[in-house]
Structures are given as C-alpha cells and as structure tokens.
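Visitor: Listed below are the residues making up each chain.
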Amino acid sequence: MKYVDEFNDRNLCLSLVKKIDSLLGGSEVSIMEVCGTHTMAIFRGGLRSLLPPPIRLLSGPGCPVCVTPTSYLDKAVALSEKEKVIIATFGDMMRVPGSNSSLEKQKAAGKEIRVVYSPLEALNIAENNPDKKVVFLAVGFETTSPTIAVTAIEARKRGILNFYLLSGHKRVPPALESLVRDGDLKVDGFILPGHVSTIIGVKPYLFLAEYGLPSVICGFEPLDILQGICMILRQIKEERAEVEVQYSRVVKNEGNAEAMALLHDIFIETDSEWRGLGPIAGSGYNLRKEYGDLDANQVFSLMDTASVETDGCICGQILKGLKIPNQCPHFGKSCIPSSPVGACMVSSEGTCAAYYKYG
Amino acid sequence: MPPITSMDKNILLAHGTGGRMSHKLIDEVFLRVFDNPILLEKDDGAIVEIGGEKLAFTTDSYVVKPIFFPGGDIGKLSVWGTVNDLAVMGAEPFYISCGLIIEEGLELEILERIISSMAEAARIANVLVVTGDTKVVERGGADRIYINTSGVGMLKKNLPLNGIEPTDKIILSGSIGEHEVSVLLARDELPFHSDIVSDLAPLNLLVSEILNVDGIKFIRDPTRGGLATTLNEIAEGRNIGIIVEEEKIKISEEVKAVCELLGLDPFCLANEGKMVVVVKSDCADEVVRRMRKNPLGRESEIIGEVVGELNGRVCLKTRVGGTRILDMLTGYQLPRIC
Chain G
1 MKYVDEFNDR NLCLSLVKKI DSLLGGSEVS IMEVCGTHTM AIFRGGLRSL
51 LPPPIRLLSG PGCPVCVTPT SYLDKAVALS EKEKVIIATF GDMMRVPGSN
101 SSLEKQKAAG KEIRVVYSPL EALNIAENNP DKKVVFLAVG FETTSPTIAV
151 TAIEARKRGI LNFYLLSGHK RVPPALESLV RDGDLKVDGF ILPGHVSTII
201 GVKPYLFLAE YGLPSVICGF EPLDILQGIC MILRQIKEER AEVEVQYSRV
251 VKNEGNAEAM ALLHDIFIET DSEWRGLGPI AGSGYNLRKE YGDLDANQVF
301 SLMDTASVET DGCICGQILK GLKIPNQCPH FGKSCIPSSP VGACMVSSEG
351 TCAAYYKYG
Chain D
1001 MPPITSMDKN ILLAHGTGGR MSHKLIDEVF LRVFDNPILL EKDDGAIVEI
1051 GGEKLAFTTD SYVVKPIFFP GGDIGKLSVW GTVNDLAVMG AEPFYISCGL
1101 IIEEGLELEI LERIISSMAE AARIANVLVV TGDTKVVERG GADRIYINTS
1151 GVGMLKKNLP LNGIEPTDKI ILSGSIGEHE VSVLLARDEL PFHSDIVSDL
1201 APLNLLVSEI LNVDGIKFIR DPTRGGLATT LNEIAEGRNI GIIVEEEKIK
1251 ISEEVKAVCE LLGLDPFCLA NEGKMVVVVK SDCADEVVRR MRKNPLGRES
1301 EIIGEVVGEL NGRVCLKTRV GGTRILDMLT GYQLPRIC
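Those protein sequences? They're chains G and D, same order as listed. Residue numbering for the first sequence follows my numbering, starting at 1 and increasing by one per position. Residue numbering for the second sequence follows my numbering, starting at 1001 and increasing by one per position.
Everything labelled a hint here was simulated from the structure, so no lab data went into it. None of the values given here were measured: they were computed from a predicted structure. Cβ coordinates follow ideal geometry from the N, Cα and C atoms, glycine included. Check each hint, because a few of them may be wrong.
[What the hints assert, rightly or not] Covered stretches of chain D, going by a simulated chain G footprint (3 or more residues, C-beta under 8 Å):
no.	stretch
1	1009-1018
2	1180-1191
3	1320-1327
Chain G on its own, in the form it takes in the complex (with noise of 0.2 Å):
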C-alpha cells in the first residue's frame, strides 16, 4: 500500500492544484468524469474543495450497477421466484429497485440470493448445490465481463450444467459515443476509466477526438485525477483533442489483448438497454450462440419488459451530466442509499449516492 500513499502526497497535490488554477486562467471548463470509481475517489480525497471553482467536475454512466434497467431487475426477481433457482450476485445488485421488488427484499422474503465476491464463487454454488439451478447476474463494464468469460469457459471444462449467466454487460466507448452525439451533454472534456482502458487500451475512445474532446484515462488516486484534470486543460489551452494516457503504469495503448480475445470468444455485441439512457446500440455482449445452454434468457425463456422509470425520477439527466443530484425532487428525501428510487443511490458508486454520503 505504500506506492497508493505516494499518490496521496498533500504538497504534490496542492502543487496541482495550484497549476490547475493558472492552466485555467479564469474561464470555466466542466469536465466529465466517465466511471464511478472516479467519482468515488473524487469524493473521498475531498477533492472538489480543493479545486478552483470554475472547474466543474460531472459524473458520468459509468456505473454498471446504476446503468442496469429495471426489466432486468425484474427478470432477477421473477427468477429469485422460481423453484430450486438460487441468485448469486455482486453486492451492489441487492438493493437496486425493480418495478415491484429488490433482491434484498426477495432475500428477506426467503428467496435464495447469494452475494458472491467473484463469478468463479457463483459457479462453485452451483458445483456444490447439484439439485439446484444458480443464476449468475453477470452485470459489469469492459472490467468485469473476461472473467465472467472466464466463468463460462470453466463452467464447460468442470462439466457444471447447473450454472446459467443472466446477461447484463455493458460496454463503455458506444454509450459514451451516444452522449456525445446527443448534443445534449456540455462538457470540455473528458477523464476516461482506468480500469476498463486496462482492457479495451486506448483505440477505441478515438472517436473523442473528432468532436474536439480531450481526454485522458486516468488513475484513481488523488494525484492521478489532479493530473489528469491538467492534462486535459493544457490540451485544451494547446487546443488540441487527443486521448492521453495519464495511468500508463497499468494501461496499455493496446489493452489487454488476452482478455480481448477471450471477449470475443464467449460473447457478441449487442443493442442493450441503458438505465437512464436508453437502448444504445451496441453497447452490450449477449453470450454467443455456442453457449446458449449457459443463457438464464434461453434457457428460463424469460421475456423483456417495458422499463418503468419512477416519476420526477432524473437519473437519466444525471448519469448525461446535464442535472446534479440536488436537482432531483427524490434526492435525499424519498431517494437516500438505504431505500433508493433511482439507480444513481443504490451503489455506493452512484453519483447520488456519492452527493448524499460525502455532499
């Protein structure tokens, strides 16, 4: 843990800072940051009341558990109804609202929902409870989907039939294209996820640089974001638009061909359906033809649902940076992190549920 706490240097980052300020020159520039565990960080270092006012700092959709739609939820739930089924999932799924109920409402009920730490986890349950049937929710960004693929791959070498995948993964690059292309979203620029670069490198965020955007996929530390939100700001003051690499001790231009490939193995690209946002094309991986046996949504014949938005409910305009939470009529009154109404609360990764913890 030592080499985090040199990223946590107070007069380095106050030296930043202080660049930041005269990079800036007065004039206001917001700033996007894309993933959640940005948007965490920014909040736990405290690092909005150290930068200069005219630096406006928006959240982005880049949370997998914000970004997944109800009618999933509600496939999870209908399936948490079913005989001998057990749910497992990651944590931050269990009190995301449905249209009429929460896994952590099913598990209370005495549905039988397990919170696992990793999808291998998932598929040992299902190694040991031969009689029953688990569903893995497989929710996740670029980070998360190759081992999930891994999962599946496994699932096939132990022989395990019991194991079934409930697709819900999203990718990043065409939801944030589709931000872009909005028209909508007012931002100078852009700090781009780390760890889902890991994966897909640098390549596919060079779209950006056609609308002029800058940006630059950045660490989670305090002194990463600080210099990231500098690089931006010189190549705005330089006026150029080009995709940086502030974390480059992890990401590669190229990604991770490996975990690329094993993508491309086990899933397909598909149109999914945004929280918030919307359908996007392509922004999705359903499991490929091969591995239909493995598919919750084939094998359970589960049907899609009209998503049902709560009213006055603004997580759409949040998760575009075009609303702040405090806009919402729910925000800290009906909506707050242990009874969300929007998807913005439920994880502690949501841009509400950072405004309401950390304000």
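With chain G fixed as given, assemble chain D onto it according to the hints.
Guide: Same frame as chain G, now just chain D:
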C-alpha cells in the same frame, strides 16, 4: 398501535447493522412502544437508580459468524462486548449474565471451548458471570450458538452527551477496522487470506486509566457502523459539528488493502477494542499520555475536535488537504463490482 408507514414490510439485514436503518427501527418501533425517559436517552445502556445508588445496565446479543475468528470467539466477544458498553458509560462493570441459544447438534467440545473462553474473558476483565439460561432449538432454528449477555456496573462518573462543547478534542485509542475484517476473512468465503487479528479487548482496563481526569466528557466504543457512525451519533445527538483528520486515523496496511479490494469503507468497519474519547481541550494531551501507557491504547491519538458549526455533521479533512462529509453507515456495506 398506529401503522409504521415509513418502514419496510419485512426486517432486512440492514436493520441490524447499527447504522441509519437500525436507528430508524429503534426510533419507530422500540422507543415508540417502550416509551420511558431512561430509554429515550438512547444510550448504549441505561443508567438506573436503586436505593440511591446509580447503576449502569446494558444488554447485547452475539450472533457472530464464524464463532471462532482470529483474536477471539463468540464467548469472549459476549463478555467483553457487554463489559465495554458498561465501561464507556463511565461505569465499573461487576456482574454479567449469560443466555445461550444453542442449535441442536452443536458439538459439546465446541460449547466447552466457548464457555471456557467466557470464563477467561470474565477473569481478565474482572467481572463475574453470575446467572444464565440455556435453550436448545431444533436444527436450523439457530446458527450453531447465539449468546445474550446483560451486565450491571457501578456508575463512577456520569458522562452525558450534553457535556460536549465546541473546542473539545476527540481522541481515538488506535487503528480501526480489524475486528470486522478479521471476521469477514474468517468466513472463508473470500479467495484470499491475511494475518489481520480482531482488536477484541476489555476496554474497562483502559477506561479506568482516564476516568478520574476532570476533563473527560464522553466515551464511546465504535462497534457496529464503525468510527463514522459513532462520530455522527455524537454530532447529531449534541447538534454540534466534528472535524477529524484522515491523517491521524490509523488504519493498518492489511485493512487498507482489504478495503481497497472489496470496496469497503474503513470508517464504517466495526471495532471491538477501540474507544473514542471526547475531552476538554486542555486535558487532551494528558489523556493521550495516560492511554498510551496502557497496551490497549498504545496508538492513541487526537484525531480532531468539536466545532460550533456544521449542525450535527462530521467533516473529514482528507490526506490530500481536501474536506468532505463523513456520514454514518447506511444499510450495510455492499462489496462493489468495478
């Protein structure tokens, strides 16, 4: 009884974590029904007066899983946990009760180990287990063994929340998070291991070092919900503000690493051998000096102070020099996925 409209239909795990949802449950169900002035104090225990003597009285149930973990077991925890509740109220603990709910099939050898451990814990903390009860429920009716202990002690010094004032200092007796992380890892559900040992300890041995210092205002042990919850309870209860410095709050490298990996907030992790002391500013150094002389308080540190502003909120000065709100635990901590 009027319906409790704002509650969920069922009790959720999150209602039992000591954070905001537990508070809501207590306020909306227990306080409303058992309406009396002693309970309304909302303290960890009650101060009762019998025949002119002020006694501290508390109860707690222990359901820790697994029942053995690095640094302790459910038996030791059930004695010291209750001893600690009494100690931080400013009382000297004397007598403990022991109520057991045992699942049919529990190995006798396991029960003996737990009871021996309780006896050892009582001896170290200088209390007597003087009464008890045993119930056995059918298999599946409980998870191996649950223990309830109650404790009574003699109140040595009343430490009411309303004694706290701006400029008072906040002292923390050592590093945070070890208990919860050690228990979490002892469940063997995670694919990694560590050497983290629970900080479980009898705090009456540390409280007794400082209780006769005049400026001691308030003591609390940050158990469930962690340091963040305890500080918020103080700030909200007294409607004052608290500012603490991240740099002064010790977190071991191992605990930090586990928190990073699992997305846990160390400020919300449970401790079983740590205490927060609010003390008059000019006595703070003396209290720290005394606490550090005791092995249980060797890493004591002034972590912050009470301020007149902030209206019931806690503010953290971050290591990099920023500031942010430190909120109490809401629900339970959910491991993150990215």
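Visitor: None of the hints should be skipped; say for each whether it holds.
Guide: We went through each hint and held it up to the structure:
1. 1009-1018: Coverage by chain G holds for the stretch 1009-1018 of chain D (6 residues, Cβ < 8 Å).
2. 1180-1191: The restraint on the stretch 1180-1191 of chain D holds, since 3 of its residues have a Cβ under 8 Å from chain G and three suffice.
3. 1320-1327: holds (count 7)
The structure meets every hint from the earlier list without exception.
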